[in-house]
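Chemist: Position chain R against the provided structure of chain H, taking the given hints into account.
First to last, the sequence lines map onto chains H and R.
If you read the first sequence in our numbering, its first letter stands for residue 1, the second for the next number, and so on.
If you read the second sequence in our numbering, its first letter stands for residue 176, the second for the next number, and so on.
I should point out that these hints are in silico values taken from the structure, not numbers from a laboratory.
If you're wondering where the values come from, they're calculated on a predicted model, not measured in any experiment.
Quick reminder that beta carbons are idealized off the backbone N, C-alpha and C, glycines included.
Misleading hints may appear alongside valid ones.
What the hints assert, rightly or not - Derived, one-sided and incomplete: chain R residues facing chain H with beta-carbon distance under 8 Å:
no.: 1; residue: Gln184
no.: 2; residue: Cys208
no.: 3; residue: Ala211
no.: 4; residue: Phe370
no.: 5; residue: Ser491
no.: 6; residue: Gly494
no.: 7; residue: Val629
Unchecked claim - Under the rule of at most 27 Å between Cα atoms (straight-line distance), these lysine-lysine pairs were calculated in the DSSO-like manner:
no.: 8; chain 1: H; residue 1: Lys74; chain 2: H; residue 2: Lys144
no.: 9; chain 1: H; residue 1: Lys67; chain 2: H; residue 2: Lys95
no.: 10; chain 1: H; residue 1: Lys144; chain 2: R; residue 2: Lys216
no.: 11; chain 1: R; residue 1: Lys765; chain 2: H; residue 2: Lys91
What the hints assert, rightly or not - Which bits of chain R does chain H cover? Going by a derived footprint, with three or more residues having C-beta under 8 Å, they are:
no.: 12; region: 269-276
no.: 13; region: 312-325
no.: 14; region: 519-525
no.: 15; region: 589-602
no.: 16; region: 733-739
no.: 17; region: 778-786
Listed here are the chains, written in short residue letters.
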Amino acid sequence: MDRLTIIQLSKDIPCERGSLIPLLQRIQQSEGYISAESVRELARLLKISENHIYGVASFYSQFRFHKPGRNKLKVCLGTACHVQGGELLAKEVEKQLGIQSGETTPDGNIEYEEVACLGCCAQAAVVEINGLIYARMTSEKLAKKINELRLHATPVMETDESEDGFIQTVGQDAS
Amino acid sequence: MQRFNQLRQNALENWEKIMHGDLPIIYLGTASCGRAAGALKTLAAIRETLQELKQPAHIIQVGCIGPCYLEPLMDIQLPGTPRISYSKVTPEKARKIIQAAILENDLSPRLAVGHFGDEEFSRQSGIGRFFDLPMLKPQVRVILRNCGFIDPENLDHYLAHDGYLGFARALEKTPLGVIEEVKESGLRGRGGAGFPTYKKWEICRTAEGDHKYVICNADEGDPGAFMNRSLIEGDPHAVLEGMLIAGFAIGADQGYVYVRAEYPLAVVRLRNAIEQMRQVGLLGEDILGSGFHFDIQVKEGAGAFVCGEETAMIASLEGERGMPRPRPPFPAEKGLNGRPTLINNTETFGILPNVLRNGGKWFSQLGSPGNAGTKTFSLVGKARHTGLIEVPLGMTLRQIVFDVGGGTIKPFKAVQTGGPLGGCLSATHLDTPVDYENMRASGSIMGSGGLIVVDEDTCIVDLARYFLTFSESESCGKCTPCRIGTRILLETLEKIARGEGEDEDLDVLYRVADTMQRTALCGAGQTAPNPVLTTLKYFMNEYQTHIHGRYCPAGVCTALFEYRIIPEKCTGCGRCAQVCTSGAVQGVKKEPYIIDVDKCIKCRACYEACKFDAIVPVPVSHPIGAEVRV
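Same shape as in the complex, but just chain H (with noise of 0.2 Å):
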């Protein structure tokens, strides 16, 4: 990404220093994750060393530095999924996918990351699929959603359409 194309994406965002983990953030949102030229073009816009982007953004979690896939699996390794489960959903993904955390299946088709914690606890063990949550999983349900994904090999979202035709996955919409 270049810099006319940051500062498009980013004018509600101060040009300073202090702004970095907020552009990083609009970059990878863009992107789909922090690429070579966007830091390149981000230390010349901000008047700082490459080094220290590398610097800043490889302690956060949040931030990629290599594609990611179309669909984004994650499962959540918080304490109370933890205690419903959680390792052995991810000993089913590693068992299909041949994947560990972080990484990406060969066909670039599923992107698979261990979290911390979604904050659903009450309802774990929880598994998040292209941003939605789903609740009291079980490695027989994790199995079939990740065969859906292989299958169908565009992102499947579960659509709630409105009146209007949104889709929601976050956010009210307006009723």
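Modeler: Chain R only, in chain H's frame:
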């Protein structure tokens, strides 16, 4: 101020129109918990059904009312009838209930979980009161008073429920007067340390600086805790109002809510709420004509647990790696950008409007001496009734786990409090009152409020290992005691879990834990050993069994057990074989099944599927004929 009163008036009128109008009202919990349980599908079904019936109605999407284990929760309020709550409402169920209610005036009492009316209605309808449910009855809902009752994206709803009245009251006092009120309330920071809130405010108020900041710590990183998320998703204005009150009291002009990026719905609702505040003049210059200027911005975290620590959070806000800094100076004196910065927890802010509205004295009378007020907890794990609860400080663990939580199905083993930096308490501690001092005395901490209940299927050694995996991974790496200490603690626990433990390993654990407690740079490193120390103290037997018995009685540490089927208990139903994905369970219907230990991957599927307790974890190479859980 006049304009504000006008707004309140309008809001109240609109609310009354809805509540006492002639359209049915349908409430649906669509915070993250509800969504995880499928509430959005239910919402679609509700809309469809209403359209089919050509019945206009008000649909109010609300936040979390507490009993998450019952989600999706849908409530119906027909004109002239109290609101009635239904649980586990799938799209099918929603259709049935709505049709019955609209077409036949049938309230489906057998599907109802409780109503919000009076005793008389209980008698008439045969439905109990919602707040008389065993899980809800002991609770005192102050902080969560609006969650489940208002639409968090509608400012009018908040205004109609005394919203921003606390702030208006604050403006009628002087800043010092506000601090006095907070002092009288006895409010202690709800982030976990329990520092007297008024003291922090005083320090910040008197500190020198051209600008002062208020930061809301919404970085709730404890796995197993979701109280802050629920409050923000269900009643964001309560938190923002608290920030206004604090800003006024200390003389700040800028506020930030530092919220985890992992809470996208909360982020959206906060931004929404802040925009609403700006539009009606509750943020900006000369708020409500008081001469007080204040603005609030949302800043998202980027996935670092340590940024919940004040100085690390400040570093993060300055665009740096989120690493703690030595104190003094404390943030209240020199914080963000070198200026006086007040950092309080989300919940602390959420409490403030209530204190200003009802008075400090009122708040001080809730809870117990020295521990005023109520606290929210996330009661999760193996409790029967899991969810978001709010109880007065001083209630015992037993009351919380067994009265509110409904106890456990299998035998209770421990309750973990305070997140990964807290401790595991055994059954002998059940009568400990939950307050700051008592929790600390037992070796744990109150923390932000996660309460994780575990039963005999949870291995305590594995639980300690689990917490250290978290702490080691989240260690910022700046100071040696934590960076190296967490690694040593983790490796030692892993060694024990693998079946290679020795007595010397326990010495290592104690020594390293002690060093970390005394020398780590920040609270995270100082308390990371807590899970280890408390489990060693209260569950030494289990460590010994792992080390000397080479056995994991809970059936978790895979190297230290095998699954065996007890022939006498097995009915040959074959359920275990059905769920086995590795072909290890073999047998013929109506005859006892057998597990081929070489094929078994110990995934637990059979153990959980068996309804006859016929499958047990036994020590490796345990003699046949002695199939008993040791």
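Chemist: Do the numbers back the hint for R/Gly494, that is, is its least Cβ distance to chain H under 8 Å?
Modeler: holds, 4 Å
Chemist: For H/Lys144 and R/Lys216, compute the direct alpha-carbon distance and say whether it is at most 27 Å.
Modeler: Distance ~19 Å between H/Lys144 and R/Lys216 Cα, so the pair holds.
Chemist: Are three or more residues of the region 589-602 of chain R within 8 Å, CB to CB, of chain H?
Modeler: Our answer is that it holds, as 3 residues pass the Cβ test (under 8 Å) against chain H, meeting three.
Chemist: Hey, H/Lys67 versus H/Lys95, does the alpha-carbon distance stay inside 27 Å?
Modeler: Roughly 23 Å separates the two Cα atoms, so the pair holds.
Chemist: Interface hint check: R/Phe370, Cβ to nearest Cβ on chain H, cutoff 8 Å. Holds or violated?
Modeler: Not OK, violated: R/Phe370 not within 8 Å of chain H, min 25 Å.
Chemist: Please check whether the region 269-276 of chain R has three or more residues whose CB lies within less than 8 Å of a CB on chain H.
Modeler: violated (count 0)
Chemist: Would you mind confirming whether the straight-line C-alpha gap from R/Lys765 to H/Lys91 stays at or under 27 Å?
Modeler: violated, 32 Å
Chemist: Taking 8 Å as the limit, does the beta-carbon of R/Gln184 come near enough to a beta-carbon in chain H?
Modeler: violated, 25 Å
Chemist: The hint names R/Ser491 as touching chain H; please verify it with the least Cβ-Cβ distance against 8 Å.
Modeler: Holds: closest Cβ of chain H sits about 7 Å from R/Ser491, inside 8 Å.
Chemist: Are there at least three residues in the region 778-786 of chain R whose beta carbon sits under 8 Å from a beta carbon of chain H?
Modeler: holds (count 3)
Chemist: Closer than 8 Å, Cβ to Cβ, for at least three residues: run that test on the region 519-525 of chain R against chain H and report holds or violated.
Modeler: violated (count 0)
Chemist: Can the hint on R/Cys208 be confirmed by a CB-to-CB distance to chain H that is less than 8 Å?
Modeler: holds, 6 Å
Hint compliance for this structure: hints 1, 4, 11, 12, 13, 14 and 16 are broken, all remaining hints hold.
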